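J.: Residues per chain, in single letters:
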Amino acid sequence: MAQRGDTSKKVILGILIIAGIAIPFFTGNFIIRFFTNALMFAILASAWNIIGGYTGYASFGNVVFLGIGAYVSAVLMEKGGVPFWIAFPASGLGSAVFAVLIGLPVLRLKGHYFAIATLGVAEAMKALVDNLDITEGNSGIYLPVMNLSVKAQYIFFYFMMLGVLALTLIVTYVMLKKKLGYGLIAIREDEEAAGSLGVNTTLFKVTSFALSGFFSGLAGSLYAYQQGFIKPESVFDVGVTVKMIVMAVFGGIGSLLGPLLGALSIEIISEVLTNYFLVAHTLFFGAIVILAIVFTPKGIMDIVSGRKKFGLNYLLQNIRDHRV
Amino acid sequence: MILQIIVNGILKGGLYALMALGMSLIWGVMDIINIAHGAFIMLGAYCSYWLFTLWGVDPFISLFLSIFFMFLVGYAIQKYLINLVIRATIFITLILAFGIEIFLNNLALVMWTADVRKVQVPYGAANFNIGTVTIPYVRLSAFIIALVIAGIFYIVLNKTRTGRSIRATAQDLDAARLVGVDVAKTYALTFGMGVGAAGAAGTLWAILFPINPMMGGILTLKSFVVVIIGGLGTMFGPIIGGLTLGVAEALGSNWFGATYENLISFTILVLVLIFLPRGILGKRE
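For the protein sequence lines, the chains are A and B, in the order given. For the first sequence, position 230 matches number 229 in numbering that gives the first Met the number 0, and the numbering has no gaps at all. For the second sequence, position 126 matches number 125 in numbering that gives the first Met the number 0, and the numbering has no gaps at all.
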């Protein structure tokens with residue numbers, strides 16, 4: 000069974016890589032734009048997976064890293080005249096530094112308290128950016144326009160997002176093979192035991208949070224540059240945090256490719272719903288979140304990789320496992 | 000002037016306390032963070048709005064209908080939805096609640112449009128003065144009702160059989176089950192009570208402020224702040240938390256400007272979590 004799982008995982012990965020590279024050359028701008036957005040969510044969900052999935056700290060404020068990344072780029076490029084290639088890594092680093100600063104006190108909290116604290120941090124940052132002069136407050140801030148044709152811009156941002164996603168997944172993969180990865184999983188399973196076995200839990204947790212922040216910050220920078228205009232309520236939106244968690248959970252948390260699959264499936268589902276139900280699509284999205292959580296709380300990764308057989312029995316078994 | 004601001008803060012704080020009461024109960028008993036709480040407040044508000052607009056039912060009377068209706072909604076949601084996943088990891092229930100919030104908000108949006116509405120009671124502006132301080136009657140009534148409902152909660156939880164089974168379930172699920180508590184039903188009752196309190200808060204909110212289908216999000220966040228400030232596990236936590244937040248917001252907006260209101264709330268939230276993680280009244284471990 001394990002072997003069958005491994006082979007189908009490789010097949011999925013191969014298909015995803017080929018499709019990922021080929022898509023922009025065979026499709027129009029609309030599809031490229033759609034997948035750029037889906038890739039951004041795949042980055043966010045995969046980055047959330049590092050802290051929420053592997054380390055077991057359910058951050059409910061990860062959107063703050065997207066927002067900080069976006070605003071670091073916007074302020075540096077618009078106010079400082081800094082070129083994109085410097086602002087881009089600076090955004091990732093800015094978010095990572097913020098993750099370290101906020102992580103040191105907040106990562107001492109556990110469970111719900113950590114979730115609420117991170118949510119509070121994200122909302123406080125939104126309110127702060129809303130009131131600062133350098134970020135131009137709640138009227139939003141423009142970024143310099145890119146000097147490329149429209150089609151070239153679409154392709155540029157697509158491959159940048161794809162590159163950041165690849166980087167996120169490769170770093171996560173490498174991390175899992177190292178002491179850091181084992182340490183994080185040990186913290187998730189039993190933090191006190193991990194600590195008494197010599198894992199420096201604070202260092203490990205903060206590193207994990209910083210990595211999560213770094214990749215989300217890079218995505219934020221790309222998002223801001225592509226949009227050309229950002230506002231606090233769009234890049235610090237709680238809904239984005241929830242969306243990335245739903246994607247990670249739907250795909251399968253604590254698995255490398257789960258969040259990516261979750262992001263792609265949820266984005267495609269939402270897009271189809273938007274096409275058919277212009278007014279009520281968010282209503283149906285809510286219903287899908289409810290159904291997905293009730294019937295597949297462990298995510299679809301088990302089914303996709305062939306470890307579990309999909310069917311009514313599988314869905315009912317999930318309910319039997321978790322109800323009172 | 001400063002006295003007036005503090006009185007305003009206290010009166011609003013009573014409403015915050017009522018909002019947080021239900022969330023605190025649900026959180027304390029079932030370890031569910033009910034992100035849909037604000038959506039239930041919104042439904043309670045619309046319940047009274049329509050009763051008033053269509054049939055002219057006074058909101059202080061429809062308060063009881065709103066509580067009853069929201070109790071049923073909460074009972075059903077817990078029984079047929081949340082009970083199905085309650086033993087999964089904590090953020091499963093968190094996201095399920097968020098799914099419910101998205102669903103309810105957008106249902107309201109589709110049915111009632113995004114228009115901002117207001118319950119125009121004829122006595123809305125009536126007030127009286129104590130010295131230099133002006134107190135509107137509706138705000139004072141809302142404050143008193145919030146405290147009365149908190150008192151009823153206290154009595155139900157501490158003096159009745161249902162209350163005992165709720166507290167037993169909160170302390171030890173398996174032990175409660177062993178002595179014959181119907182856990183699934185107790186959970187449903189608890190959620191119903193919490194959502195009923197949210198319905199009451201919604202009605203009072205509709206009397207005092209304009210309402211719209213998306214009003215719930217910020218109210219959920221404020222309820223968090225109140226629960227965290229007050230601390231879990233005691234009925235007085237939400238009251239202390241609500242009054243603290245109400246006064247802090249009133250003073251803060253006066254000193255820094257109204258746009259800083261949210262920044263103040265969430266900064267308090269994060270600071271309390273870091274320095275007083277069990278809240279002001281919460282039990283120490």
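By construction, these hints were calculated from the structure, which means they are not laboratory data. Predicted, not measured: the structure shown is a model, and the values here were computed from it. C-beta: ideal position from N, C-alpha, C; glycine also. Wrong hints could be hidden among the right ones.
To be verified - Residues of chain B clear of chain A, computed beta-carbon distances all greater than 12 Å:
no., residue
1, Leu-2
2, Ile-4
3, Ser-140
4, Leu-146
5, Lys-184
Stated by the list, open to error - Derived, one-sided and incomplete: chain B residues facing chain A with beta-carbon distance under 8 Å:
no., residue
6, Arg-86
7, Asn-128
8, Thr-159
J.: Compare the structure with each hint and give your call.
T.: Here's how the hints hold up against the structure:
no., hint, verdict
1, Leu-2, "holds, 27 Å"
2, Ile-4, "holds, 20 Å"
3, Ser-140, "holds, 31 Å"
4, Leu-146, "holds, 26 Å"
5, Lys-184, "violated, 10 Å"
6, Arg-86, "holds, 5 Å"
7, Asn-128, "violated, 34 Å"
8, Thr-159, "violated, 22 Å"
The structure shown violates the earlier hints numbered 5, 7, 8.
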